[in-house]
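Protein chains: 2
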Amino acid sequence: MKKKRICVVGGVAGGASCAARARRLDENAEIIIFEKGPFVSFANCGLPYYVGDVIRREEHLLVATPEMFRQRFNIEVRLHSEVVGIDRDGRRISVRDHQTGREYEETYDALVLSPGSSPVRPPIEGVDLPGVFFLRTIPDSRAIRNLIEERDAGSAVIIGGGYIGLEMAENLVRRGLRVTVVEMQHQLMPACDPEMVLPLHEVLVQKGVDVRLGAHVERIEEAASGGMTVRLRSGEGISASLVIVAVGVRPEVQLAREAGLHLGPLGGIRVNDRMQTSDPAIYAVGDAVEVVHVVTGRQTLLALAGPANRQGRIAADVICGRDARFRGVQGTAVVGLFDYALAMTGPSEKILKSLGLWDEPYGCEKIYLHPGHHASYYPGAETITMKLIFSKKDGRILGLQAVGKKGAVRRTDVIAMALQKGGTVFDLEEAELCYAPQFGSAKDPVNLAGMIAANVVRGDVDIVHAENMDRPPENVVVLDVREPFEFRRGHIPGAVHIPLGVLRQRMGELPKDREIWAYCYVGQRSYVAARALRQHGFQAKNLSGGYRSYEMWRRAVQDGPSAPA
Amino acid sequence: MKKKRICVVGGVAGGASCAARARRLDENAEIIIFEKGPFVSFANCGLPYYVGDVIRREEHLLVATPEMFRQRFNIEVRLHSEVVGIDRDGRRISVRDHQTGREYEETYDALVLSPGSSPVRPPIEGVDLPGVFFLRTIPDSRAIRNLIEERDAGSAVIIGGGYIGLEMAENLVRRGLRVTVVEMQHQLMPACDPEMVLPLHEVLVQKGVDVRLGAHVERIEEAASGGMTVRLRSGEGISASLVIVAVGVRPEVQLAREAGLHLGPLGGIRVNDRMQTSDPAIYAVGDAVEVVHVVTGRQTLLALAGPANRQGRIAADVICGRDARFRGVQGTAVVGLFDYALAMTGPSEKILKSLGLWDEPYGCEKIYLHPGHHASYYPGAETITMKLIFSKKDGRILGLQAVGKKGAVRRTDVIAMALQKGGTVFDLEEAELCYAPQFGSAKDPVNLAGMIAANVVRGDVDIVHAENMDRPPENVVVLDVREPFEFRRGHIPGAVHIPLGVLRQRMGELPKDREIWAYCYVGQRSYVAARALRQHGFQAKNLSGGYRSYEMWRRAVQDGPSAPA
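Chains as they are written, first to last, in my numbering: chain X, 1 to 565; chain Y, 566 to 1130.
If you're looking for bench data, these hints aren't it; they were derived computationally from the structure.
Backbone N, C-alpha and C fix where the C-beta goes; we use that ideal spot for every residue, glycine too.
Mixed in with the good hints there might be a few duds.
Distance condition first, Cα-Cα at most 30 Å in a straight line; then the derived BS3-like pairs of lysine-lysine [what the hints assert, rightly or not]:
hint, chain 1, residue 1, chain 2, residue 2
1, X, Lys393, X, Lys350
2, Y, Lys970, X, Lys2
3, X, Lys405, Y, Lys970
4, Y, Lys986, X, Lys393
5, Y, Lys986, X, Lys353
6, Y, Lys971, X, Lys406
7, X, Lys392, X, Lys353
8, Y, Lys986, X, Lys421
9, Y, Lys569, X, Lys512
10, X, Lys350, Y, Lys1077
11, X, Lys512, X, Lys392
12, X, Lys405, Y, Lys986
13, Y, Lys1077, X, Lys406
14, Y, Lys772, X, Lys406
15, X, Lys421, Y, Lys915
16, Y, Lys1077, X, Lys4
17, X, Lys421, Y, Lys569
18, Y, Lys957, Y, Lys986
19, Y, Lys957, X, Lys421
20, X, Lys405, X, Lys207
21, Y, Lys971, X, Lys405
22, Y, Lys970, Y, Lys915
23, X, Lys406, Y, Lys957
24, Y, Lys970, X, Lys421
25, X, Lys421, X, Lys406
26, Y, Lys971, X, Lys207
27, X, Lys392, X, Lys350
One side only, chain Y facing chain X, incomplete, derived with CB under 8 Å [to be verified]:
hint, residue
28, Arg637
29, Ala788
30, Arg796
31, Ser799
32, Phe903
33, Gln1100
All chains, full assembly: derive it from the sequences and hints.
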């Protein structure tokens, strides 16, 4: 039998996983990885932390070497080798060796494209200045380190407030730089919901970072001092010895496009669930491909290593004759920022609304909660703020965002698994999770999220949200059921105050012909109040997440950073 | 309509949850909690940490007060009030007020028994001495604190090496006591598998605790010094100023038994999935009831707060006319010991084998792995040792044990959710979980567990286990594929050594007519080796979990603490 020849374009994440898996499945195949850069399979998610000197040595970023691929897997890795053309009919690729300048051809039986994505280069004057960086490779991060260490860079402007922008902000603060983050949108982490991003925004400000939202960079100018000035559209200039541009990535599709492979509506390489492109001998995986989002059903681009690895394995399976299918993505992700983590799975409210899926077909509802990451009676409990999105029709879990100092990732992972399995809020309600006082609560945050949402799905309580408090209808009575000391510290304007403990005695003070919107600090006491009122003939609703969610919304959206200018 | 009268016996966990839920569902019901102790709804899981002064103030253990129940829920709590009899025909209970000595009757429409469990009192002479404690209540822990603080207790013997025994060991070490743990079985945490408990055993020894396995206490003697001597069956005496007896709990069923309610085969109160006893007007929840284990299908007793709370809610639902069902338990639990956590969900190998379920009907297999809790290239990764039990027939997840300094609880919770949803190892393989280098890996430990197990289910690799290495069949070649420096540090007796990097060149040295059992440090390189060998016509198998699992088994079972005497 003829040996199968598998050529892999790109040696990071998906490509490397594919090659290694193919070897385990087929000892006889000839497998070659072509990597245009100087490294194979490096830890690109670690780059910001290498800049921050958390990861101290460059070699720690090298997950694998060509030597290891050769010895362990009998896989040939060609570095500095760019695949510049595909002859699909002849099943040949043209390869340019950047070290020798030589160009040559190789044949393939199966070709796997794992070209990744490249940073978006905004059309700004000055973006090519030597102090401007796009953090994508080890040499990029090495150059930034050098600038900090050798040229004593004192200030940095980061253009873009997404994952990489925030991670770079943390790491440059760690290196002692004065940092400004400039974000075009009216919030950081634009794919998330603004109120859930607020804790990240606030910790950034607390750490001395100057955060500019809704701000557009006009150009980057060379300054007389030798540094640069980042000029905003407003005319203001921010001086910086270092500029990081992190305004997103776009799929690397040039090779695929030139080969006539079909692209998807978002500009990524189109693949089926076996990771085959429009040419069944050519597979594509990783950041460059469009995949189906399991919740929205839409095509999506997701530049994350986990799905890339899974796709690489599936491509290898299919190449080796197995019937593997990629199940799609659900968008599980996390960003760490100082002590905080913001974790998510499934789409945000913002995304669901922008896709027109919120009301129909899903009948979405959301609930907020603020549980401790472990039992409150054990010292050191940190609050997790959670936002669960689900279908009011059948309780299906659609998405979660969780933010806090501890425990947010764990609950997100549990709910990611529930979502993967088509789970409902009722499943969360009856989940059986680890409990000891230092690790959780007898009613874990996941259980609480399920209970609160299940109460809504079952119709036991009607809820309202902080944004409804902006201008409640005229006939609404806003009712604060907290203790007097809490009410005095701050309350929703116009609220009537009757603590839960005396509510049953004082119900007569409330009208039965108007809606009553009850709230407490996190929504638990007011849920009890709403249940009691309703059974006594009142039209009561509960403010989900209580005053705490109201404050997050107010600071993030109404008065705060995300308020439209 | 007549008000419904709901009487709840026992105000901790299940009883308190039931009462509060009933109030939310039925504002008109009359709800009374009878609690024989001095507190309602206290944090009994916190008691060891109150002894250890981690929880510094007793009031932190009081999750709720009678006043709070009255104000917030309009629920009457009667403390020091023991229900001593049930007249089922008359729907009446007899209550003894321990403060006044008065006995009186109350009627009920629904009666909920939440009596909990009581510590097993072993029939040992001296178990009633004043320095001997059963940690079950706040007064118990207060008395231990007093003994430590006022009488300067210097040494303690803990009888029993389960959850409470270990938690007490940690907390007494924290208080500066010399601690001995005496356990009758040949391992700590007897319901877990011995090799998975080894890290807890070793950390205990490292912290200076004297651990005695397979040791039986004959009696506890008063010593001339004023302290005590714990006399073992071997004749040895261990002196102690404090003795904790923590040899398990038994359900409190006296009231139920005297009322003629059916008990189950394990001696707990028998209930249906609506938490109804054999008398449909009487419900029972919590530690005292027998529940169905969702994996084994058997009746089980599980003294944990999470299921108790769920049961309490379900009893309330049913009492209030809803169709709620308890889905059973899966035995998710965690014990923390110094830096370590041992977490689990589903039954252990030991339990499955003792119930005769291992081979049939489940066709169980197990795999071991030792991933880092986050990316290895980010500093501070701690190893999690995981043991996943699954059906080789269809990949269904049956159980997990995970132990490590960080991240074990998170992965256990994710797999607990997968198990709850009837998930398979293939679901774990394609789980999409949070990844950033400080939080996880692109291939999360959950993914790795799934991949390794899926390889077995798909038949891509045959595995062997450490215990098979004890006496491998004569015709087996044990093959170490690690690097020379690793082999030199220690290897399995009789192993042939060919590093993976040169295996393909040196395959000729291996026989094709004998089984080859390959291993490396954690099982990954030897998996690659086994795949390569198999495709080259060798009969290769992989040692699951590698040398690391072998060492754990050797130290725990073959040579170690769990070795039969």
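Against the structure, the hints:
no., hint, in the structure
1, X:Lys393 x X:Lys350, "holds, 20 Å"
2, Y:Lys970 x X:Lys2, "violated, 50 Å"
3, X:Lys405 x Y:Lys970, "holds, 18 Å"
4, Y:Lys986 x X:Lys393, "holds, 20 Å"
5, Y:Lys986 x X:Lys353, "holds, 29 Å"
6, Y:Lys971 x X:Lys406, "holds, 12 Å"
7, X:Lys392 x X:Lys353, "holds, 15 Å"
8, Y:Lys986 x X:Lys421, "holds, 7 Å"
9, Y:Lys569 x X:Lys512, "holds, 25 Å"
10, X:Lys350 x Y:Lys1077, "violated, 61 Å"
11, X:Lys512 x X:Lys392, "holds, 26 Å"
12, X:Lys405 x Y:Lys986, "holds, 29 Å"
13, Y:Lys1077 x X:Lys406, "violated, 53 Å"
14, Y:Lys772 x X:Lys406, "holds, 27 Å"
15, X:Lys421 x Y:Lys915, "holds, 29 Å"
16, Y:Lys1077 x X:Lys4, "holds, 25 Å"
17, X:Lys421 x Y:Lys569, "violated, 40 Å"
18, Y:Lys957 x Y:Lys986, "holds, 18 Å"
19, Y:Lys957 x X:Lys421, "holds, 21 Å"
20, X:Lys405 x X:Lys207, "holds, 15 Å"
21, Y:Lys971 x X:Lys405, "holds, 15 Å"
22, Y:Lys970 x Y:Lys915, "holds, 24 Å"
23, X:Lys406 x Y:Lys957, "violated, 36 Å"
24, Y:Lys970 x X:Lys421, "holds, 29 Å"
25, X:Lys421 x X:Lys406, "holds, 25 Å"
26, Y:Lys971 x X:Lys207, "holds, 27 Å"
27, X:Lys392 x X:Lys350, "holds, 17 Å"
28, Arg637, "holds, 6 Å"
29, Ala788, "violated, 34 Å"
30, Arg796, "violated, 33 Å"
31, Ser799, "violated, 33 Å"
32, Phe903, "violated, 11 Å"
33, Gln1100, "holds, 4 Å"
When each numbered hint is compared with the structure, violations occur for hints 2, 10, 13, 17, 23, 29, 30, 31 and 32.
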